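Engineer: Sequence:
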Amino acid sequence: MPVTQSQTGQTASTGRYASSSVPDAVATTIGEGTARKSKVSKKRARHRDGGPQEPPRFTVDLSLQPEQRYPEVCSALKSELVGLTGLFDEVMGDIIPWLPLRWAHLLCWLFLRGVHNKEENAEIKGISKATGVPLYLIVCFNVLLDLLMGCSSGGATVGDGDGGQKMLHFRTLDWDMPALRRIVVMLDFVTESGGPVVASSITYAGFVGVLTGVRKDLSLSLNFRPCRNDNGKFWSDVKYAWHLLMVLLGYRSSIASVLRGYLLSDSMRLPIDPNGLRAPDYTDIVQSFAAREGSHMPTSTACYLCFCSGTETTVVEKDRVTAQVRSSSDFVVITNNDEEDLSTHNERAEQDSTRALDLAEIVGEARERKQCAEENWRRLRGENTTASQSRRMNNDLTNNLPNSADVVTLVQQYPTTNEMTHFACVMDPQEGTVVWCRRWVTPVGAR
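Just so we're aligned, residue 6 is where the sequence shown starts under the working numbering, counting upward by one.
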């Protein structure tokens with residue numbers, strides 16, 4: 006059931022293009038748009054015509070049959086979802102320009118018959134039936150979307166208002182594809198009609214995996230990783246390509262599907278699980294990625310993951326079967342670059358001019374976003390420390406931690422939010438809620 010759709014939010018700074026993992030020709034289009042905006046890249050501009058706004062919000066009842074869970078979403082955004090056909094043509098035309106579009110449609114129609122998870126597959130069929138969008142296009146959207154994003158994610162410690170502290174999870178999602186801006190939605194999941202919300206997700210209508218989500222004591226987000234381990238080595242490339250093919254054909258789960266399993270575990274839908282199972286918690290998830298042997302680690306495409314428990318945040322540099330993990334109980338941020346060996350990635354990208362993505366630009370701008378977020382946080386902490394010292398002189402013992410409003414301000418600062426940003430949000434895993442969320446129907450600074 007849709008609720009109040011939108012209201013005008015705060016303004017944010019404009020900025021130049023923040024890294025977005027898109028095919029070469031699409032990156033060229035982005036570059037042309039960036040050149041036009043470069044003269045105002047570091048000026049503040051007021052948003053016009055529909056942005057920023059709260060995204061439309063819908064309730065998804067998990068007790069219904071999967072095919073029947075998204076009728077309100079499909080009804081409200083049917084015309085926008087029909088536009089996925091044009092998006093498919095655009096992306097396919099840039100990824101494989103030598104293949105006529107009619108052949109691309111035919112091949113996808115023949116081979117993209119569903120996703121690996123049966124429940125998600127049934128949901129996709131229901132969305133296809135409700136909107137009239139061909140099934141193979143919805144499948145393609147679901148298995149390729151997590152490969153085509155630029156993002157910033159992280160955790161920040163704030164005061165909880167009662168003299169204690171907690172960590173909030175902040176996140177922006179950046180991409181070119183303007184058609185997707187209008188289908189950003191917030192989903193609240195319930196396990197029975199009229200029941201309490203057990204989890205929330207900020208996503209795109211028609212996408213059944215999880216890119217950004219929160220439930221009690223766990224929030225998570227997914228970022229694209231442009232560099233991967235052992236790239237250019239024959240067997241490594243073969244294994245990686247094979248995994249991608251298996252995901253496309255529905256024989257393996259995408260990483261967004263794996264994250265959905267963490268957020269919406271089957272065991273959390275029953276008051277008492279007859280098998281004694283429980284939903285995986287933050288510690289379980291982090292330990293699975295920290296396992297050296299990888300026996301419990303999900304196979305996935307290269308990506309960055311961010312998990313927050315409300316007291317600690319962990320970021321994961323995920324390769325196909327390995328991962329590097331780092332945690333913080335103060336502040337941590339991940340964009341679209343590895344923590345270590347950034348210069349090596351830049352050199353590797355510069356030496357390979359034939360690659361589909363300009364990795365040097367992506368990694369460089371991701372590094373800039375990361376550094377700016379860290380600097381903005383240090384400045385914010387410094388301002389709060391100075392103010393706190395002044396208050397102590399007047400016997401005010403309020404701690405010097407920032408609050409949730411400060412994190413909302415932080416996430417909207419350039420270049421964390423930029424003209425490529427589709428949405429930004431702040432989540433509170435201690436409460437299991439979305440504190441703040443805005444989408445930009447038109448790019449930041451657009452006139």
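A few of these clues could be false.
As a list, the in silico DSSO-like pairs of lysine-lysine whose alpha-carbon atoms are at most 30 Å apart [as the list claims (entries may be wrong)]:
| no. | residue 1 | residue 2 |
| --- | --- | --- |
| 1 | K123 | K238 |
| 2 | K123 | K83 |
| 3 | K134 | K83 |
| 4 | K130 | K83 |
| 5 | K221 | K123 |
| 6 | K221 | K238 |
What follows is a list of derived Cβ distance ranges for each label pair [as the list claims (entries may be wrong)]:
| no. | residue 1 | residue 2 | range |
| --- | --- | --- | --- |
| 7 | A410 | E344 | 26 to 32 Å |
| 8 | A184 | W247 | 27 to 33 Å |
| 9 | K123 | D286 | 22 to 28 Å |
| 10 | W103 | K123 | 31 to 37 Å |
| 11 | E344 | Q73 | 26 to 32 Å |
| 12 | P201 | Q70 | 19 to 25 Å |
| 13 | V87 | A296 | 27 to 33 Å |
| 14 | W103 | A410 | 49 to 55 Å |
| 15 | T414 | A246 | 19 to 25 Å |
| 16 | S241 | A296 | 16 to 22 Å |
| 17 | R384 | Y256 | 24 to 30 Å |
| 18 | L111 | R383 | 52 to 58 Å |
Hints were generated in silico from the structure; no laboratory data involved. Treat the numbers as computed from the prediction; the structure is a model and nothing was measured. Even glycine gets a Cβ: it sits at the ideal position worked out from N, Cα and C.
Engineer: Work down the list of hints and note, for each, if the structure agrees.
Structural biologist: Status of the hints after comparison with the structure:
no., hint, in the structure
1, K123 <-> K238, "34 Å, violated"
2, K123 <-> K83, "24 Å, holds"
3, K134 <-> K83, "11 Å, holds"
4, K130 <-> K83, "15 Å, holds"
5, K221 <-> K123, "26 Å, holds"
6, K221 <-> K238, "42 Å, violated"
7, A410 <-> E344: 26 to 32 Å, "29 Å, holds"
8, A184 <-> W247: 27 to 33 Å, "31 Å, holds"
9, K123 <-> D286: 22 to 28 Å, "25 Å, holds"
10, W103 <-> K123: 31 to 37 Å, "35 Å, holds"
11, E344 <-> Q73: 26 to 32 Å, "44 Å, violated"
12, P201 <-> Q70: 19 to 25 Å, "21 Å, holds"
13, V87 <-> A296: 27 to 33 Å, "44 Å, violated"
14, W103 <-> A410: 49 to 55 Å, "51 Å, holds"
15, T414 <-> A246: 19 to 25 Å, "43 Å, violated"
16, S241 <-> A296: 16 to 22 Å, "20 Å, holds"
17, R384 <-> Y256: 24 to 30 Å, "49 Å, violated"
18, L111 <-> R383: 52 to 58 Å, "54 Å, holds"
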